[in-house]
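Enquirer: Quick mapping for you: the protein sequence lines, in order, are chains A and B.
First residue of the first sequence: 1, per full-length UniProt numbering; consecutive thereafter.
First residue of the second sequence: 1, per full-length UniProt numbering; consecutive thereafter.
Calculated directly from the structure, the hints in this document are not laboratory data.
Built from N, CA and C at the ideal position, the CB exists for glycine as well.
Take the hints with a grain of salt, since some may be wrong.
As the list claims (entries may be wrong) - Capping the alpha-carbon separation at 20 Å, the derived lysine to aspartate or glutamate pairs in EDC-like fashion look like this:
id: 1; chain 1: B; residue 1: K14; chain 2: A; residue 2: D82
id: 2; chain 1: B; residue 1: K14; chain 2: A; residue 2: E37
id: 3; chain 1: B; residue 1: K14; chain 2: A; residue 2: E40
id: 4; chain 1: A; residue 1: K14; chain 2: B; residue 2: E26
id: 5; chain 1: B; residue 1: K14; chain 2: A; residue 2: E79
id: 6; chain 1: A; residue 1: K14; chain 2: A; residue 2: E26
id: 7; chain 1: A; residue 1: K14; chain 2: B; residue 2: D82
id: 8; chain 1: A; residue 1: K14; chain 2: B; residue 2: E11
id: 9; chain 1: A; residue 1: K14; chain 2: B; residue 2: E79
id: 10; chain 1: B; residue 1: K14; chain 2: B; residue 2: E79
id: 11; chain 1: B; residue 1: K14; chain 2: B; residue 2: D32
id: 12; chain 1: A; residue 1: K41; chain 2: A; residue 2: E26
Claimed, not checked - Okay, the calculated beta carbon distance ranges per label pair:
id: 13; chain 1: B; residue 1: E37; chain 2: A; residue 2: L85; range: 27 to 33 Å
id: 14; chain 1: B; residue 1: L105; chain 2: A; residue 2: S99; range: 49 to 55 Å
id: 15; chain 1: A; residue 1: D32; chain 2: B; residue 2: Q97; range: 17 to 23 Å
id: 16; chain 1: A; residue 1: S99; chain 2: B; residue 2: S43; range: 36 to 42 Å
id: 17; chain 1: A; residue 1: Q93; chain 2: B; residue 2: V55; range: 14 to 20 Å
id: 18; chain 1: B; residue 1: R81; chain 2: A; residue 2: V35; range: 19 to 25 Å
The chain contents come next:
2 protein chains.
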Amino acid sequence: MGVPLYQAKAELFKTLGHPARIRILELLSERDHAVHELLEKISIEPSNLSQQLGVLRRTQLVTSNRSGGAVVYSIAVPEVRDLLLAGRQILGQLAAQQSQLSAELAGAQESTAD
Amino acid sequence: MGVPLYQAKAELFKTLGHPARIRILELLSERDHAVHELLEKISIEPSNLSQQLGVLRRTQLVTSNRSGGAVVYSIAVPEVRDLLLAGRQILGQLAAQQSQLSAELAGAQESTAD
DNA sequence: ACATGACTTGCGAAACTCTTCATCTCAAGT
DNA sequence: ACTTGAGATGAAGAGTTTCGCAAGTCATGT
Chain A
1 MGVPLYQAKA ELFKTLGHPA RIRILELLSE RDHAVHELLE KISIEPSNLS QQLGVLRRTQ
61 LVTSNRSGGA VVYSIAVPEV RDLLLAGRQI LGQLAAQQSQ LSAELAGAQE STAD
Chain B
1 MGVPLYQAKA ELFKTLGHPA RIRILELLSE RDHAVHELLE KISIEPSNLS QQLGVLRRTQ
61 LVTSNRSGGA VVYSIAVPEV RDLLLAGRQI LGQLAAQQSQ LSAELAGAQE STAD
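Let's have the full structure, built from the sequences with the hints guiding it.
Expert: Listed below in structure tokens is the structure:
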């Protein structure tokens, strides 16, 4: 099949590795959005938004269709929601470990308090 | 709280956006590995491996402890497995859509064939 | 036909990432 | 004390990404 699996996977994650692209996917996983709607909710230049949409389109994570004057984007692969959720989970876990660590540092002599 | 959530999320995904780092996490999610064990299974230069481990360590996804001569790495956040799994899922979905597309192109006049 | 709003595309400068090389630390063996 | 194997770290060059600007397309209203 050519491309090693782990490389394809790395590329998928790299695609998600940009704040604007994350926001786009989160908004689209709620409902379809026209570009100008995304533009209202994400504060970047139109051309920048368009570039990021292009990246997501090329990796087939989203699709676009023109509806009159506007171009409407949708999530192409529903499983993206799971991925975003798993990301949120990890971030939460990481934050929890951080605060546990600082609590331990603060009350260093306490034995697994309360 | 400073850093916007979507930015933290982007950074998390960016961390996973590298083939060597993906392989490391997949190996570690099976079991702990010493650096020289990882080195046998992933073919990159030792110093490169060390750099990638450094990246994972800095984002707190893995932890290391020295065991005599060797340094052993472990997954710090078990939820990483879910994230990798979700990635695999999406890749599968994407591949399925690709092959469905080419099938449709091949038998263009067939109506949702066989 | 022309203007307008909604997007997209090409381009270049700045910022960032990857990989390798040389150097360094740490622990165990002699 | 010296050597050796196992890793980490810093720095430099190549390569890739990102962002804003200017210019371009496409459909709708006048």
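Enquirer: Each hint needs a verdict: does it hold in this structure or not?
Expert: Outcome of the hint check:
For the hint pairing K14(B) with D82(A), the CA-to-CA distance comes to about 17 Å; that is within 20 Å, so the pair holds. Under the criterion of a C-alpha separation no larger than 20 Å, the hint pairing K14(B) with E37(A) is inconsistent with the structure, at around 26 Å. Taking the CA atoms of K14(B) and E40(A), the gap is about 25 Å. The hint is violated against a cut of 20 Å. For the given pair, K14(A) sits about 17 Å from E26(B) by alpha-carbon distance, which is consistent with the 20 Å threshold.
Taken as a hint, the K14(B) and E79(A) pair is honoured in the structure, with Cα atoms around 19 Å apart against an allowance of 20 Å. Only pairs whose Cα atoms come within 20 Å are accepted, and K14(A) paired with E26(A) is accepted, the gap being roughly 16 Å. Simply put, K14(A) and D82(B) have alpha-carbon atoms about 17 Å apart, close enough for the 20 Å limit, and the pair holds. Proximity of K14(A) to E11(B) is assessed by CA-CA distance (about 10 Å); at most 20 Å being required, the pair is judged to hold.
Only pairs whose Cα atoms come within 20 Å are accepted, and K14(A) paired with E79(B) is accepted, the gap being roughly 19 Å. Among the hinted pairs, K14(B) with E79(B) is consistent with the structure: their alpha-carbon atoms are about 17 Å apart, no more than 20 Å. A threshold of 20 Å between alpha carbons decides the hint, and for K14(B) with D32(B) the separation of about 23 Å lies outside it, so the pair is violated. This hinted pair checks out: K41(A) and E26(A) have alpha carbons roughly 11 Å apart, not beyond 20 Å.
Under the hint 27 to 33 Å, the C-beta atoms of E37(B) and L85(A), about 32 Å apart, fit the expected range. At roughly 53 Å, the beta-carbon separation of L105(B) and S99(A) lies within the given 49 to 55 Å, and the hint holds. Separation of D32(A) from Q97(B) is about 18 Å and conforms to the stated range, judged on CB atoms against 17 to 23 Å. Checked against the hint of 36 to 42 Å, the pair S99(A) and S43(B) passes, with Cβ atoms roughly 39 Å apart.
At roughly 18 Å, the beta-carbon separation of Q93(A) and V55(B) lies within the given 14 to 20 Å, and the hint holds. Separation of R81(B) from V35(A) is about 36 Å and departs from the stated range, judged on CB atoms against 19 to 25 Å.
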